[in-house]
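Number of protein chains: 2
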Amino acid sequence: MRDVAIIGVGSTPFGKLEGRGLIDIAVAACREALADARVPREKIQALYVGNFIGERLANQGAIAGMTANRLGLGGIPATKTEGACASGGIALRLGVLGIALGLYDFVLAAGAEKMTSASTAEVTAGLATAGDEEAEMRCGLTFPGSFGIITRAHMARYGTTREQIGLVSVKNHGLGAANPKSQFRKPVTLDEVLRSRLIADPLRLFDCPPISDGAAAVVLCPADRAREFHAKPVRVMGTGHATGPATLWEMDDVTTFPATVRAAREAYHAAGIAAADVDVVELHDCFTTAEIVASEDLGFFPRGQGGRAVEEGWSALDGKVAVNPSGGLIAKGHPVGATGCAQVYELVRQLRGEAANQVRNCEIALAHNLGGTGVVSTVTILGTM
Amino acid sequence: MRDVAIIGVGSTPFGKLEGRGLIDIAVAACREALADARVPREKIQALYVGNFIGERLANQGAIAGMTANRLGLGGIPATKTEGACASGGIALRLGVLGIALGLYDFVLAAGAEKMTSASTAEVTAGLATAGDEEAEMRCGLTFPGSFGIITRAHMARYGTTREQIGLVSVKNHGLGAANPKSQFRKPVTLDEVLRSRLIADPLRLFDCPPISDGAAAVVLCPADRAREFHAKPVRVMGTGHATGPATLWEMDDVTTFPATVRAAREAYHAAGIAAADVDVVELHDCFTTAEIVASEDLGFFPRGQGGRAVEEGWSALDGKVAVNPSGGLIAKGHPVGATGCAQVYELVRQLRGEAANQVRNCEIALAHNLGGTGVVSTVTILGTM
Numbered sequence: 031m032r033d034v035a036i037i038g039v040g041s042t043p044f045g046k047l048e049g050r051g052l053i054d055i056a057v058a059a060c061r062e063a064l065a066d067a068r069v070p071r072e073k074i075q076a077l078y079v080g081n082f083i084g085e086r087l088a089n090q091g092a093i094a095g096m097t098a099n100r101l102g103l104g105g106i107p108a109t110k111t112e113g114a115c116a117s118g119g120i121a122l123r124l125g126v127l128g129i130a131l132g133l134y135d136f137v138l139a140a141g142a143e144k145m146t147s148a149s150t151a152e153v154t155a156g157l158a159t160a161g162d163e164e165a166e167m168r169c170g171l172t173f174p175g176s177f178g179i180i181t182r183a184h185m186a187r188y189g190t191t192r193e194q195i196g197l198v199s200v201k202n203h204g205l206g207a208a209n210p211k212s213q214f215r216k217p218v219t220l221d222e223v224l225r226s227r228l229i230a231d232p233l234r235l236f237d238c239p240p241i242s243d244g245a246a247a248v249v250l251c252p253a254d255r256a257r258e259f260h261a262k263p264v265r266v267m268g269t270g271h272a273t274g275p276a277t278l279w280e281m282d283d284v285t286t287f288p289a290t291v292r293a294a295r296e297a298y299h300a301a302g303i304a305a306a307d308v309d310v311v312e313l314h315d316c317f318t319t320a321e322i323v324a325s326e327d328l329g330f331f332p333r334g335q336g337g338r339a340v341e342e343g344w345s346a347l348d349g350k351v352a353v354n355p356s357g358g359l360i361a362k363g364h365p366v367g368a369t370g371c372a373q374v375y376e377l378v379r380q381l382r383g384e385a386a387n388q389v390r391n392c393e394i395a396l397a398h399n400l401g402g403t404g405v406v407s408t409v410t411i412l413g414t415m
Numbered sequence: 031m032r033d034v035a036i037i038g039v040g041s042t043p044f045g046k047l048e049g050r051g052l053i054d055i056a057v058a059a060c061r062e063a064l065a066d067a068r069v070p071r072e073k074i075q076a077l078y079v080g081n082f083i084g085e086r087l088a089n090q091g092a093i094a095g096m097t098a099n100r101l102g103l104g105g106i107p108a109t110k111t112e113g114a115c116a117s118g119g120i121a122l123r124l125g126v127l128g129i130a131l132g133l134y135d136f137v138l139a140a141g142a143e144k145m146t147s148a149s150t151a152e153v154t155a156g157l158a159t160a161g162d163e164e165a166e167m168r169c170g171l172t173f174p175g176s177f178g179i180i181t182r183a184h185m186a187r188y189g190t191t192r193e194q195i196g197l198v199s200v201k202n203h204g205l206g207a208a209n210p211k212s213q214f215r216k217p218v219t220l221d222e223v224l225r226s227r228l229i230a231d232p233l234r235l236f237d238c239p240p241i242s243d244g245a246a247a248v249v250l251c252p253a254d255r256a257r258e259f260h261a262k263p264v265r266v267m268g269t270g271h272a273t274g275p276a277t278l279w280e281m282d283d284v285t286t287f288p289a290t291v292r293a294a295r296e297a298y299h300a301a302g303i304a305a306a307d308v309d310v311v312e313l314h315d316c317f318t319t320a321e322i323v324a325s326e327d328l329g330f331f332p333r334g335q336g337g338r339a340v341e342e343g344w345s346a347l348d349g350k351v352a353v354n355p356s357g358g359l360i361a362k363g364h365p366v367g368a369t370g371c372a373q374v375y376e377l378v379r380q381l382r383g384e385a386a387n388q389v390r391n392c393e394i395a396l397a398h399n400l401g402g403t404g405v406v407s408t409v410t411i412l413g414t415m
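Residue numbers (my numbering), protein chains in the order written: chain H, 31 to 415; chain Z, 31 to 415.
Isolated chain H, as found in the complex (with noise of 0.2 Å):
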């Protein structure tokens, strides 16, 4: 397999993009990206483009046709992937698989969603489909109630309080105010978070990431070509891409996505790392309670401590590893299909040494996407070079 990298980024500002279509989001990534890796659209064999739920949300499918027509790349083969939340992280990592394996040699992976032109309702009900409709979302069980479950489970079995789970949002909306592209650019307290409108017992609207629009891309080629296209290229280190019991009663404890724990091993053996190693990390914080679930099942922190490292600043800026520096899903926005390949924008960002919240010294960076309650989950280990 040949070393891969990344050799430029674009990502939409994320929010309520008013009068822009899905297509216009997904080509404006991407039009940023090949301007950032300086590599002409002709250069480009394939594209992939995650997208949850266009079809729906958006009355938009065949995104990923629609994007290459769109961006004028010549009828190069374009597939859309879609793994629900994890739809981005899948397509990055086809993309990555297309150039390791010599199949290509310029590839974009993007991700894109449109969620705001929606109602509410309809939004809720477009995101249940990650879930087993038959088997668990007809019943009435929703995504906030999901992680409503694993946050009382994990309370009870751990000890966390919901403090410590607040402190998740306080953390990450204090990052995201300082990002350009965040959708919330307003810190808040730990008991703005406590007293914000109960959802989903016990989690409170500030432990929920908004409702959101944005796009997300990323241009990759072979590592031994990418300072042809950009003086500070990042190297793709490993992959992991598994899947896990798609409902929570198929699950042995709730308090860990087995997905997230098999797509971490394959990613940190294929770069010869441990998650000691790790610098900087994006994690999936659809809820302030996913993130204390990942920083565990991504190995940083003892299981059941994911609460008290958040407490101790384990997960801050300067901490032990730094945990969600754009903001997170929580406070930078969730725009589904685009979450994978904005979290990579950030990484990227952080080792070039451009990123809004800047970890100092940072070498190694790791992107966690997941899809439903763990149905899927995507790992992306990142270094400079």
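A portion of the hints provided could be inaccurate.
Unchecked claim - Computed Cβ-Cβ distance ranges for the label pairs, DEER-style: (1) LYS216/H - GLU152/Z: 48 to 58 Å; (2) ARG71/H - ASP33/Z: 48 to 58 Å; (3) ASP307/Z - ALA165/H: 45 to 55 Å; (4) ARG215/H - ASP33/Z: 33 to 43 Å; (5) THR150/H - ASP307/Z: 52 to 62 Å; (6) ARG71/Z - ARG168/H: 48 to 58 Å; (7) GLU341/Z - ARG71/H: 16 to 26 Å; (8) ALA165/Z - ARG71/H: 48 to 58 Å.
As the list claims (entries may be wrong) - To list a few chain H residues with every Cβ distance to chain Z over 12 Å, as calculated: (9) ASP135; (10) TYR188; (11) GLU296; (12) ARG382; (13) GLU384.
The hints are simulated quantities; they were obtained by calculation from the structure and are not laboratory data. Quick reminder that beta carbons are idealized off the backbone N, C-alpha and C, glycines included.
Got chain H; can you put chain Z on it based on the hints?
Relative to chain H, chain Z alone:
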């Protein structure tokens, strides 16, 4: 690149599959394919599932992870691919590439769609998301409308007659009548086609495919191991995957789809054959006219002669090239995401000599899958070994 073989295929019947959800039918097709290949599920290293619009018509997303979990595939990477009606062809191609490039030894590629639970209005609106929403579909164009325009253009440019177009339906319904997996099992006369209800002038009801549920699956492995698993393995000789204009107004000529032409060129080149070498083809007859256009784009008949080809019997079971011996989308049914894999299901059975409408002495077969009005296309060439 390693040679790749198909060692097992499976398919549900197509039609209205009452009481069976999207995951159920995907799992059923996969189980049949695994049994056909006599491959234990533990050997499968990756799953690709083509599905267009499960999130909208079946309230079910993340179908690949859901299917992997339900099949007990042990946490392997699973990816849903979407390219409108070409979703299944893309899944198959990614599976083939995974083995050709040495990433995996055993891959399951499948396609599935559950459409009959939704209302006809919901299906029509859902299918319209395969077009460019902002640039075309929002104005009220539908897929039958698009192909009505294409039909008029073909008639005007080449003198193709309404009767020739209707004969596609007569041929395909006649073939579908003998196929036990087919949704329609009754021959129709030309008179019945021409008197059937007008849908989008000049296309009538029997020019259109039905709304269908169904799934199909394919097991792939390296060609040099294929005989361990099946006495009559089928070789994947070449594949192609390309994109093209997303809207009619962007096309220089609406009677040809550049994506089909490109994908075919790539597949013929990889296989080292020409169109004249193909004995049997399953092509994307999403409307009668689409069969005529595809038969020209794939190089079987000269430009403008597709109508005459049907009339002269060139595309009949015993013609120059047997076109859609399964009954095609029009008679067999068109569960959108399943179609690309269902075409290969038929062709593998043809090459094994097991088909309901068996083509005599067939050694080379071609599958053609089309998304939208040509935004994406895949071509797969198969041969005996």
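Violating hint indices (sorted, rising): Hints 1, 2, 4, 6, 7, 8, 11 not satisfied by this model.
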